[in-house]
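S.K.: Going down the list, the sequences are from chains A and B.
For the first sequence, my numbering gives the first residue as 1, with consecutive numbering after it.
For the second sequence, my numbering gives the first residue as 1, with consecutive numbering after it.
To be clear, the hints were calculated from the coordinates, so they are not data collected in a lab.
Cβ atoms here follow ideal geometry from the backbone N, Cα and C, with glycine treated the same way.
Mixed in with the good hints there might be a few duds.
Covered by chain A, according to a simulated footprint, are these stretches of chain B (three or more residues, beta-carbon under 8 Å) [unchecked claim]:
1. 49 to 63
2. 96 to 104
3. 201 to 209
For the chain B half of the interface with chain A, some residues (derived, Cβ under 8 Å), not all of them [as the list claims (entries may be wrong)]:
4. Ser70
5. Gly72
6. Leu73
7. Tyr78
8. Arg107
9. Lys113
10. Pro144
11. Leu318
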Amino acid sequence: MQTKLVFVSQQDGQEIPTVQFLSPEGEFSTSGEWEQYLPYVNRLTESDYLKFYRDMARIRRFDNEATALQRQGQLGLWIPAIGQEAAQIGSGYGVGPNDHIFPSYREHGVAITHGIDLMSILKMLRGVNHGGWNPDETRFHLYAIVLGSQVLHATGYAMGVNFDGNVGTGNPDVDQAVITYFGDGATAEGDVSEGLLFAAINKTPQVFFCQNNQWAISSPTKSQIAVPLYRRGEGFGVPGIRIDGNDVLASYAVTAKHMDDARAGLGPSFIEALTYRIGAHTTSDDPTKYRSNEEVEHWKARDPLLRLETFLRKQGVGEHFFEDVKNSGEVLAEEIRAATFALQNPPFENMFKHVYSEPHPLISEQLAWLEDYEASFESEGHVAHESAPDEIQGSYYGGDAS
Amino acid sequence: MSNFVDMPIAKAINAGLRKAMADDPKVLLFGQDIAELGGVFRVTEGILGEFGPTRIMNSPIAESGIVGTSIGLAMRGYRPVCEIQFDGFIFPAFDQITTQLAKLTNRSEGFLKMPVVIRVPFGGGIGAVEHHSESPEAYFAHTPGLRVVSPSNPNDAYWMIQQAIASNDPVMFFEPKRRYWQKGPVNLDEAPLPLHSARVLREGAQVTLVSYGPMVTVTLQAAEIAATEGISIEVLDLRSISPIDFPTIIDSVKKTGRLIVASEASNFVSVAGEVAARVAEQAFYHLEAPVLRVGGFDVPYPPAKLEELFLPDADRILDAVDRILAY
Numbered sequence: 001m002q003t004k005l006v007f008v009s010q011q012d013g014q015e016i017p018t019v020q021f022l023s024p025e026g027e028f029s030t031s032g033e034w035e036q037y038l039p040y041v042n043r044l045t046e047s048d049y050l051k052f053y054r055d056m057a058r059i060r061r062f063d064n065e066a067t068a069l070q071r072q073g074q075l076g077l078w079i080p081a082i083g084q085e086a087a088q089i090g091s092g093y094g095v096g097p098n099d100h101i102f103p104s105y106r107e108h109g110v111a112i113t114h115g116i117d118l119m120s121i122l123k124m125l126r127g128v129n130h131g132g133w134n135p136d137e138t139r140f141h142l143y144a145i146v147l148g149s150q151v152l153h154a155t156g157y158a159m160g161v162n163f164d165g166n167v168g169t170g171n172p173d174v175d176q177a178v179i180t181y182f183g184d185g186a187t188a189e190g191d192v193s194e195g196l197l198f199a200a201i202n203k204t205p206q207v208f209f210c211q212n213n214q215w216a217i218s219s220p221t222k223s224q225i226a227v228p229l230y231r232r233g234e235g236f237g238v239p240g241i242r243i244d245g246n247d248v249l250a251s252y253a254v255t256a257k258h259m260d261d262a263r264a265g266l267g268p269s270f271i272e273a274l275t276y277r278i279g280a281h282t283t284s285d286d287p288t289k290y291r292s293n294e295e296v297e298h299w300k301a302r303d304p305l306l307r308l309e310t311f312l313r314k315q316g317v318g319e320h321f322f323e324d325v326k327n328s329g330e331v332l333a334e335e336i337r338a339a340t341f342a343l344q345n346p347p348f349e350n351m352f353k354h355v356y357s358e359p360h361p362l363i364s365e366q367l368a369w370l371e372d373y374e375a376s377f378e379s380e381g382h383v384a385h386e387s388a389p390d391e392i393q394g395s396y397y398g399g400d401a402s
Numbered sequence: 001m002s003n004f005v006d007m008p009i010a011k012a013i014n015a016g017l018r019k020a021m022a023d024d025p026k027v028l029l030f031g032q033d034i035a036e037l038g039g040v041f042r043v044t045e046g047i048l049g050e051f052g053p054t055r056i057m058n059s060p061i062a063e064s065g066i067v068g069t070s071i072g073l074a075m076r077g078y079r080p081v082c083e084i085q086f087d088g089f090i091f092p093a094f095d096q097i098t099t100q101l102a103k104l105t106n107r108s109e110g111f112l113k114m115p116v117v118i119r120v121p122f123g124g125g126i127g128a129v130e131h132h133s134e135s136p137e138a139y140f141a142h143t144p145g146l147r148v149v150s151p152s153n154p155n156d157a158y159w160m161i162q163q164a165i166a167s168n169d170p171v172m173f174f175e176p177k178r179r180y181w182q183k184g185p186v187n188l189d190e191a192p193l194p195l196h197s198a199r200v201l202r203e204g205a206q207v208t209l210v211s212y213g214p215m216v217t218v219t220l221q222a223a224e225i226a227a228t229e230g231i232s233i234e235v236l237d238l239r240s241i242s243p244i245d246f247p248t249i250i251d252s253v254k255k256t257g258r259l260i261v262a263s264e265a266s267n268f269v270s271v272a273g274e275v276a277a278r279v280a281e282q283a284f285y286h287l288e289a290p291v292l293r294v295g296g297f298d299v300p301y302p303p304a305k306l307e308e309l310f311l312p313d314a315d316r317i318l319d320a321v322d323r324i325l326a327y
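From just these sequences and the hints, can you work out the full model?
M.R.: So, in structure tokens, the structure goes:
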């Protein structure tokens, strides 16, 4: 007998139906309640299951390594996603090869399902750049640090997909959809509401994927919402569903189905993935100040990785597979570590590049000034300062040009 | 032989938008009440009939949504032109403009271009209620990544809106709303200047008078009156607020030795202040007198019955001319 995950709304005490195929005990259930999603689960092969596990374990090992690198001063900040691997890997693989993804800033798991080099993320958190990958090529757009801002970009992009006629043709090479990720905290931002409204009005091919990890830094979900999040889109005309975000099968199947529906022209939908942020908000945070150990332990027992491992072992997946995954995780951690140590500081010119796409006199002038200023140290027999901006004093412009 | 047509600024912007839309199918217009109504100032009147509802769309009343979705459309390869209904209503979009639109090219290290134009009717003098008469251009000029321009006459309006749409960078396009129905000749064949060049509107010898947008008309009036008193004023129209065409200003100041900067915006931390600072840095030894600013007072834009006192007029500018010549 499987444990059926049941959640209780804070408002009216009613049970909230939640899509789940894999119980916390690692039992698979094919109960008919969610039959529209079953074909998506049933089409998964053994290698898909193993791929899900491998990626979830890989991203967790990466996450732990990144925290260690931050603690050693190699990164300015780290943003852990531990506990959210099923929500991210499952949904990431539910996104098609022509679709576009608009992440927030914790979607490291989604990133690896679409080929983003993990060092691109670490470079950003080390302070080498602000992103810098090509969103057109990767279809995984840049991390958005201003909460909810990316939801409007996703909606505008999806409006463009509509205008271009890349919806509802039935041709898988033509049809496209857009998925945007955001957290429970971001749902309070007006941009999320405006995104839902513009999406509904324009019937965009779009999925709103909300990872409800239950904590917005130190604020619990109950202090931020009065009605369960999966219902947030209803009033705007965007239907919603809640899934067990720690069940990779539910995450994959529901995302894949809703993205298919979006591509087919059925309009936008909202998925609330109920999960839990096992780690801190970021490495600057101390979660022991605002939540109990009991709560964290409760959710550790519902760990998405452990759940999938239990299931796979019951299916007869042998120890050698888990050993292999563990070893490749260690190799990844070593590679990440070495690559982080090898990262070069950016040249000062980078600050002036790409402020504009086209030439701008103020930028050219200030770059020329800084070049001269830096060169002046060398001509005086000193080595140029690595952190030149701290040294700048006075005017950029060098006084009267007369 | 150039083809000149007389039209007011509102019609010149309308004609410029139509030209840009005809030239490039990726140009879309997006904003509140702009389709059937043609916008509250009728700047987009008739465009729905000519181009249809796939090219000009009414948006919900949500300025952040208008700009945020326009960013997404630009990522998709479109060139959206947004209309913000009034200057004082732009602030719900301030976050999307300053943290996203202005920075996405930089964040992506050049992979993303942001060819988005935001049209903003701005400035006072129309007897309006609160939030309908403001001059917020300095907020945007202060933000790296944005370009900020303001035409003062129909010919510039016609050409600058097309140049703004053609730019791969985001452009804030401030329209002088109290001059919308001021007529002038538009040369339909030839652009007068690049988007970011200032223009010497009237040559003079004793004082350089710089302004932009709705204030240009006032500075020309002041120069005309001063001429009857034997005072020779050189009038410059900045046209572009970011970047500012400093060489044209510096050349003029080197000739006249005196500079007055006039605008409707409050003086404190203003575009006028930036012009004054740059002239002090680059033409200090040419100045015969301190740079003076003639602007709005540093108070919230007043109720309509007081706006004539708030807005600089020709007399206020001539008062500054007297002071600067007395040095």
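S.K.: Hint by hint, which ones does the structure fall short of?
M.R.: Violated: hints 3 and 11.
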